[in-house]
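Engineer: Here are the chains, one letter per residue:
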Amino acid sequence: MNWRRLRTLMRREVLATFRDPFTVTILVTVPLVALLLFGYVLSTEVKGLSLGVLDSNRTSASRRLVAELSAKGTFDARFYTTNGELERGLVSGAISAAIVIPPDFDRDLRAAASGRELPEIQVIYDGGEAVLAGNAEGFLRGLINAAVASMLAEEAPQVAGARPAAVLPAAAAPRASGVEVVTRSVFNPKLDGTPFMVSGTFGFVLSFLTVLITAVSIVNEKLTGTFEQLQVTPATSVEILLGKIVPLGAVFAFDVVLMVLIAGLLLHVWPVGSAIFFVLVSSFYVLISLALGLIISATSATAAEAVQKSVLFSIPLVQLSGFAFPIRSMPLVVQWFTELFPATHYIRISRAIYMRGAGPLALLPEMALLALFGVLLMTYALRSIEARR
Amino acid sequence: MSSPQSPVSRRSFWSNVAAVAYKEASVIRHDKALLATVFAQPVMMLLLFGMALSNKPANVKWLVLDRSHSAISRRFVQDVQMTGYFKPPQPVWSYDDGRRQLQDANALAFLVIPKNFRRDIERGRPRVQLLVDGSDPLSAARVAAYIGQVAAEFATTPLTLAARATSGAESSPMPVDLRQRFWFNPTLLDRNFFLAALAGMLLTNLCLSATSLGLVAERESGTYEQMLALPTTPLEIVLGKLVPFVGLSYGVFAFATLAAGLFFGAWPQGSWLALVLVTLPFVLASLGIGVFVSTLAHTSAQAVFITVFFIMPSFVLSGSMFPYQLMPHGVREVGALFPLRWYQIALRRIVERGAGLTEVLGPVLALVILFGVILAGIRWRMKPRLG
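Going down the list, the sequences are from chains A and B. Sequential numbering from 61 applies to the first sequence in our numbering. Sequential numbering from 6 applies to the second sequence in our numbering.
Keep in mind that the hints were calculated from the coordinates and are not lab data. Treat the hints with care, as some may be off.
What the hints assert, rightly or not - As a list, the in silico SDA-like pairs of lysine to any residue whose alpha-carbon atoms are at most 20 Å apart: (1) K61/B - R388/A; (2) K61/B - V160/A; (3) K120/B - L70/B; (4) K250/A - A150/B; (5) K61/B - E105/A; (6) K66/B - P391/A; (7) K92/B - I387/A; (8) K66/B - T398/A; (9) K92/B - A150/B; (10) K61/B - P93/B; (11) K92/B - K120/B; (12) K250/A - V126/A.
Just chain A, same shape as in the assembly (with noise of 0.2 Å):
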């Protein structure tokens, strides 16, 4: 190796970078729009859902309920007076969830008080869309819970007294109690669904850029015929891989740091352990992801075909890499075929550094893997560029 000869390389793929300014706007801005848009996209809070509402009992016990029910924010009663009308706003998804209060409810609430059945309420949520009504289920019912047992305490004055959560008429007290579990959340006590978007985003734009940028450059290269010319100068195959791998690291790098800034100051999520220690290894990373762009690229005959390549190789990587989904949910093999993508290590090292504070020492297996794939993936980038000479 030519360290002249490198110098030469690695200085001409920087002014090639930086003399095209759509590959200068694009460094730039994308990780601002795919940090501000996955940021925001992932929420565990739900607030403002419109709830329907069918009271059929019209009394101030079914009105305070409701009303209890949308006090918070949390939902936005509209009210139906037919099974026919609030069927069809549930159709045309104008509601995601529904609640049904029977005629009867204020005398339900009265006869639950001294001791007999309790009140009943139908509550329907919209399967099709299934992740809000997941999330929303428990919230729904927290919600309904404690509105009738504070209602149901003031009709029955004298459990007054005892915690709102879990008043129970007098005579059905001895029926049962139930278990209080206080909930704390480690690392994200709002569990707050920004973090952990943030830190996903990262393996995504860390991948997914590295792995275009590599391929139009060279698929450039190629309708230039710089690349063959490249290919016929004294420069070895290693001295053109890290001729390329190099200086877009660097630039990568840097991308890293501006992503962290903005995170920081726009999204105000800051990582938890230290930022030094996760510009490193996200560096490392980036190398990684370059040699696998310059795979595909050196393997594709066409530009449309390595494009083709990158953006099939972006489906898995958002889908797979639990960036956006959680791995355990996956069938067994699936979850074997994760740990195939270097962006699942390191999207697990980010969200390690980011919300939980892990240390080098915490992260030694997945960092020894990602260096793993490093070396195969240099050597095979390596090998497909020889092929070609």
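Fit chain B to the supplied structure of chain A, relying on the hints for placement.
Structural biologist: Chain B in isolation, oriented as in the chain A frame:
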């Protein structure tokens, strides 16, 4: 310029469109990379969304620190286990050990049962502590809800046990008898949610990646100039280019709908006619965006970038993968600019909730408006020019 007023020019208009369509179809037939996408992608996405992906927690690893060591604490753990979302619990022997394992992401939840659990039950105020790993917020929230549900319904006295055995609702420790039902998807399968929008995602991919390169490639190979020299108007070129893709799109649409039904039982519940009709404005709008992108880009590389970075947000913001109803305002409205948002709304109504044509008029109108805007944009960018 031919104006479609006189019958002669109208005939030449359509024959020009047909000629361009014929030429485009033969180009597609020889484009191996495109055909691979057209065939491989639907199968891949069908398998992914049908079998692999779900937001519902499963195989959740959890830790239990049982300081009570009583029969009733074991029964509580067993009840949680019975929900089916969890792997067998891993016992830990100290609080710090549990915390450490959460830190290393060895488990998602950590249940601590206090020493006095049995005595607390006798006194009527039992309490357990649950620590969840917030670095996976969606799963953590759901797991906490499941455990909370088990706990709330946990029968703490022998009397309750007996009551539970004899009558159903009577034994509920909750203050209200809540009858929950999930309409349209009784077991709340995420699969049905994804598969309903599958056609939308596939068509977005196909329509955009197929057309966005079209004009740029023609410009790069010089055939665009040749076409400008022909007596065809830009509108004829655009329409002619779109016709074969509309055919291809309906093929992919048929595959997505039939395969989801045949393999996963997710047949459309509503009107097939509405389904076929609502697809047309969506396909046209998506193709139009592809053409518009190719008028903006100078090189094929740029066209690809713009396309890919249009496809990604439209998947994410449309509500096909994540519920758009939970996104904050601003982000939600941006999502409404993507045709996929309206198409997936219509698809969900028809496929999942059994709607007919009248219920999807709103989304259709939105799609038509989007198509009109895009068409105007294309006409503005496609004023015949050289160089």
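Engineer: Look at each hint and say if it fits the structure.
Structural biologist: These are the hints, each one checked on the structure:
1. K61/B - R388/A: Holds, because 10 Å separates the two Cα atoms, which is no more than 20 Å.
2. K61/B - V160/A: Not satisfied, since the Cα-Cα distance of roughly 26 Å exceeds 20 Å.
3. K120/B - L70/B: Judged against 20 Å, a Cα distance of about 10 Å means the pair holds.
4. K250/A - A150/B: Given pair K250/A, A150/B holds - Cα atoms ~14 Å apart, limit 20 Å.
5. K61/B - E105/A: holds, 16 Å
6. K66/B - P391/A: The given pair, whose Cα atoms are some 15 Å apart, holds under the 20 Å limit.
7. K92/B - I387/A: Within the cut-off at roughly 14 Å; holds.
8. K66/B - T398/A: holds, 18 Å
9. K92/B - A150/B: Since the Cα atoms of K92/B and A150/B sit roughly 17 Å apart, the hinted pair holds (cutoff 20 Å).
10. K61/B - P93/B: Holds, at about 18 Å.
11. K92/B - K120/B: violated, 24 Å
12. K250/A - V126/A: violated, 26 Å
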